[in-house]
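Visitor: Here the protein sequences come in this chain order: A and B.
Residue numbering for the first sequence follows the numbering used here, beginning at 1 and increasing consecutively.
Residue numbering for the second sequence follows the numbering used here, beginning at 125 and increasing consecutively.
One should not assume that every hint holds.
[As the list claims (entries may be wrong)] Some chain A residues well away from chain B (every beta-carbon gap over 12 Å; in silico):
1. Glu3
2. Val5
3. Gly6
4. Pro13
5. Lys45
6. Met48
7. Lys49
8. Ile67
9. Glu117
10. Lys121
11. Val122
12. Arg123
13. Arg124
[Stated by the list, open to error] Cross-link-like lysine-lysine pairs, in silico, DSS-like; alpha carbons within 30 Å at most:
14. B:Lys152 / B:Lys199
15. B:Lys152 / A:Lys121
16. B:Lys185 / A:Lys45
These aren't lab readings, by the way, just hints derived from the structure by calculation.
Idealized CB from N, CA, C, for every residue including glycine.
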Amino acid sequence: MIEFVGEEVEIHPERFAVVKLRNLPNVSYVAVVKNKYYEVVMPEKEIMKLEKFIEYETGYRLITLDISVPLDVIGYISKVSSALANAKVPILILSLYSDKILVKEEYLERALNVLRELGFKVRR
Amino acid sequence: MDSIILHSERFAVVKTDEIPNDFFVVIKFNDFTTVVPEGIVDELKPKEVEGCFRLITFNVKLPFNTVGFISKISKALAEANIPILVFSSYHTDHILVKDELVEKAIETLRSIGFKVERGDAI
Numbered sequence: 001m002i003e004f005v006g007e008e009v010e011i012h013p014e015r016f017a018v019v020k021l022r023n024l025p026n027v028s029y030v031a032v033v034k035n036k037y038y039e040v041v042m043p044e045k046e047i048m049k050l051e052k053f054i055e056y057e058t059g060y061r062l063i064t065l066d067i068s069v070p071l072d073v074i075g076y077i078s079k080v081s082s083a084l085a086n087a088k089v090p091i092l093i094l095s096l097y098s099d100k101i102l103v104k105e106e107y108l109e110r111a112l113n114v115l116r117e118l119g120f121k122v123r124r
Numbered sequence: 125m126d127s128i129i130l131h132s133e134r135f136a137v138v139k140t141d142e143i144p145n146d147f148f149v150v151i152k153f154n155d156f157t158t159v160v161p162e163g164i165v166d167e168l169k170p171k172e173v174e175g176c177f178r179l180i181t182f183n184v185k186l187p188f189n190t191v192g193f194i195s196k197i198s199k200a201l202a203e204a205n206i207p208i209l210v211f212s213s214y215h216t217d218h219i220l221v222k223d224e225l226v227e228k229a230i231e232t233l234r235s236i237g238f239k240v241e242r243g244d245a246i
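Required output: the full structure, derived from the provided sequences and hints.
Guide: Below, the structure is given as structure tokens:
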């Protein structure tokens, strides 16, 4: 059983968008997943600087789980994602060392309550 | 039936100060944490490297309000003692698994209903 008591999560003050593009844009962004397209997480205000995009989804808040997790830890994502799924919170995850979770603004407080119940302290 | 694609190439997780020319994932906060094809690691100036990862892409089209997909997959893999890294993208998710555990991961995903396709390099 993984205990999260004493661990912290940080909520980034900005709202983010997930944008699908054919090329890597010359704007400020926090994450890119490249599959057939570039799928880019950027602050919402950057969208208006884009000349072209395929589609986007706005209204995300970014939560960083402020634990530096070794890459071979088992069950950490499972525990966090199960707790959020049980509370019916849809999430996007980016997991590298310290995991990042994107949740829609309207689910933010519910997500934070779930993380608090797991033992995390919330930092704003 | 939903399928998964196992990509043939191997990937490394690299912390670096610059954006690689070729990558699968870049996460940019204080520095760049990236997932890149193993072949290009030497071209970067890595601060930390961990190699031997294989990439599995879920060949599904998930709506943005999907609940429980990552949870279902990560639970099954955790129960099989397989550590994973998860990357959500627009309509699907990807996971990275160590090479030595990839066959076990594939078997686990088969057991929860996924069909397996072998994919080329991304």
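Visitor: All hints, please: hold or fail.
Guide: Here is what the structure says about each hint:
no. : hint                : in the structure
1   : Glu3                : holds (16 Å)
2   : Val5                : holds (20 Å)
3   : Gly6                : holds (22 Å)
4   : Pro13               : holds (14 Å)
5   : Lys45               : holds (16 Å)
6   : Met48               : holds (20 Å)
7   : Lys49               : holds (17 Å)
8   : Ile67               : holds (14 Å)
9   : Glu117              : holds (16 Å)
10  : Lys121              : holds (20 Å)
11  : Val122              : holds (19 Å)
12  : Arg123              : holds (15 Å)
13  : Arg124              : holds (17 Å)
14  : B:Lys152 / B:Lys199 : holds (28 Å)
15  : B:Lys152 / A:Lys121 : holds (24 Å)
16  : B:Lys185 / A:Lys45  : holds (27 Å)
The structure agrees with every numbered hint stated previously.
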